[in-house]
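Trainee: As you go down the protein sequences, you meet chains A and B in turn. Per our numbering, the very first residue in the first sequence carries number 1; after that it's consecutive. Per our numbering, the very first residue in the second sequence carries number 1; after that it's consecutive.
Just so you know, the hints here were simulated from the structure itself, not pulled from any lab data. Just so we're clear, the structure is a prediction, and the values are computed from it rather than from any experiment. The beta-carbon is built from N, C-alpha and C at its ideal position, and this holds for glycine as well. Errors might be hidden in some of the hints.
[Said to hold, decoys possible] The following label-pair restraints were derived from C-beta to C-beta distances: (1) GLY244/A with PRO43/B: 54 to 62 Å; (2) GLN146/A with PRO222/B: 14 to 22 Å; (3) GLY186/B with GLY116/A: 36 to 44 Å.
[As the list claims (entries may be wrong)] Pairs of lysine-lysine, DSS-like flavour, derived with a Cα cap of 27 Å: (4) LYS45/A with LYS138/A; (5) LYS23/B with LYS167/A; (6) LYS205/A with LYS23/B; (7) LYS45/A with LYS143/A; (8) LYS45/A with LYS310/A; (9) LYS245/A with LYS313/A; (10) LYS143/A with LYS200/A; (11) LYS204/B with LYS167/A; (12) LYS200/A with LYS155/A; (13) LYS152/B with LYS108/B; (14) LYS385/B with LYS167/A; (15) LYS200/A with LYS138/A.
[To be verified] Derived, one-sided and incomplete: chain B residues facing chain A with beta-carbon distance under 7 Å: (16) ALA93; (17) GLY111; (18) LEU260; (19) GLN262; (20) ALA365.
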Amino acid sequence: MKKLFLSTAASCIAFAAQADVTVMSWGGTYGAAQLEAHLKPFTAKTGIRTTMVDTDNAAAPIRAMVEAGNVTVDVASIELADAIRLCDEGILESIDATTLPDGSDGTPASDDFFPGAVTDCAVGTDLWANIIAFDTTKFEGEKPSQAADFFDTVKFPGKRGLKKNPKAVLELALMADGVPAAEVYSNLATSEGQGRAFSKLDTIKQDIIWWEAGAQPPQLLADGEVLMTTAYNGRIFNASIDEGKPFEIIWDGQVYELNTYAIPKGATNLEEAMEFVRFATSTEGLAEQARYISYGPPRHSSNALEIIYKDGKTVMGPHLPSSPENRRNALETSVDFWVDHDTELNERFNNWLIAN
Amino acid sequence: MVDLPRIAVQAATAAAGPEIPLKARLARAQARARRRAFLLVLPLLLFILLTFVIPIGQMLQRSIYHDGFSGAAPALVEWFAATPAGTEPDETAFAALASDLLFMKERKLAGEAGTRINYAVPGSRSLFTAAARGADRLTAPYRPALMAEDGKWADPLLWAAMREAASPWTTDFYLSGIDMQRTANGGIERVDEGSRVYLALYAKTFLLSAVITIICLALAFPVAHLLATLPMARANLLMILVLLPFWTSLLVRTTSWIVLLQSQGVINSLLVSAGFIGDDGRLALIYNRTGTIIVMVHILLPFMVLPLYSVMRVIPPVYARAARSLGATSWTTFRRIYLPQTLPGIGAGVLLVFILAVGYYITPALVGGADGQLFSNQIQFHMSKSNWSQAAALAAMLLAGVLLLYWLYDRLVGIDKLKLG
């Protein structure tokens, strides 16, 4: 009995001693994409074993682990907003941006990553976007091609689907009204700018069908309930590529958000975790992930590569929010702005919704 | 000598035995029975205390207690305590602010402190986090040093908000729940017309719930009466039709209504193909208030039918027959004989449906469109933004409204008349 106990203990120690990078991610298609694109190739290349753990949102569990002093996760996939907050609160290890690998074309990492994609504690892995989508079969003549067309009910009469939430909606309204992406948030911070966004929304208020869950917009389009709708780009990609629906995306005026890899403070295999993050956020690592899911790599060099979807024929470039032709008029969601203003703008938004 | 006291005691008890009055012995026996009954109830009592009373108490406490700022700014708390309300912030105040910012930086508290102030003055969370990040580089004199970083530090509204937040006990969350805000000199005023949302929504929630309850009652009364008067076998069959939707998932039912009611949906398409309406005149039955009412009536209907049915089933038909034989018209019989006997069921059904309707949020969220939002959607919003204090204050307001109506009901109808089944 004692022998058995000893050997079990010994094998446990051996197991722990062998560096084993544990990655906590979102599960589902997204988790599967990171497993195929990052974990498996990393083990194949370095011999360091990797484990994937699924969760709804890693931000809460890693905070609990760090506060309890029992960190069992080495790398976590979290939203940029959470990464910034947790970094401020000292929950994350800082990551030295200068150690990130240069792009495959030789561009230094600092220039190769999209602005804002590398922060003190996190490195961007992919970005997803709020876009406008429409059903091509509903248009005989000219098709909508820019954000302003969403608000043009004279040229394109019909219902519009819009997310019932000020975030990404007010930004779209301002961009459709001609505000350059770089000035959207400085405008929205003022009462006049907010007024301008709401009066733009007023022009289509009677034609809006509001949605709340990400699964709704493709359904609204398929049912013919709306002519155009805002949506998450991944949902429209699934409907059009995997299910063959005749949906098209207007990338003009897209509002995108970032997901990142971060390392919780006190991770047991810190060196290996850093190694993993460097590997996964290299040009090839990021491009590889986009082969499995239509979220764009936040590196210029990755977007320059030709990425083929896992079905073996779809070229991903035109479907990614990060590709240069889709980014001509794109805006990154400002985490700081929404933390500061979400209550205020939500109140104004709800007041506007109720008023007729 | 040693045994004397014992004997005395024995003698005393022997003498007292028969002299204990019957009343006292009865009281003693009853107390024992009560204790035993209490012990039997104790597990349930503890359960309710732990899972209901304490959490709700904590929730209510959260609506008036927030130590995010007061715990992170000890020096400012001292300065505010030493100066009367409305004092202009001088160099001492800014020095206190600077030392607190350093304190926040060291303990990573700037986010929480900024969040608390941000509730009153939007845009100030980033002010705090940014200032705390550079707090170790601040040097005296602090007022110009901080002003050079951001002019917002001189905003009197910001200082009024900090003074209010210097005590963890606050009415801020209830103030914003009734669309009020603090002015720079410590008074209160209504918020801009463009931001008034809660009071109107509060009234609308109760109004919409009342409409839903009335429709439910009008629909459920005949159904329950039919169920109660039919022979058992057929009544049971019909009962399944009432219960089947009751057992189906809420989301499934809501989504089925979307399929039926949307403008390209079943009902509109039938009406168009039957020629009642033109293809461009399709009715807007969903994503508005109509949709919210239709779907919520359907979802809440069983809660009205079941109590009504259970009361109506035991009403003896002889009273109505007697009234008719004494010459009452059928309307009088219904109004004076049958209806009063169903009151306990009506009361229970109305209360159940109304209270459930007041707290609904998933159905209004899915089918409500722009004007179908209810108060609970706002509670959910604040929960999701981690503003638990505001959510708690709004929830407490809703609770107060429901309790007030419950009290009114008790005064007008009497809660003892309630019969749930």
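Trainee: Could you tell me which of the hints above the structure violates, numbers in ascending order?
Mentor: The structure breaks hints 2, 4, 5, 6, 7, 16 and 18; every other hint is satisfied.
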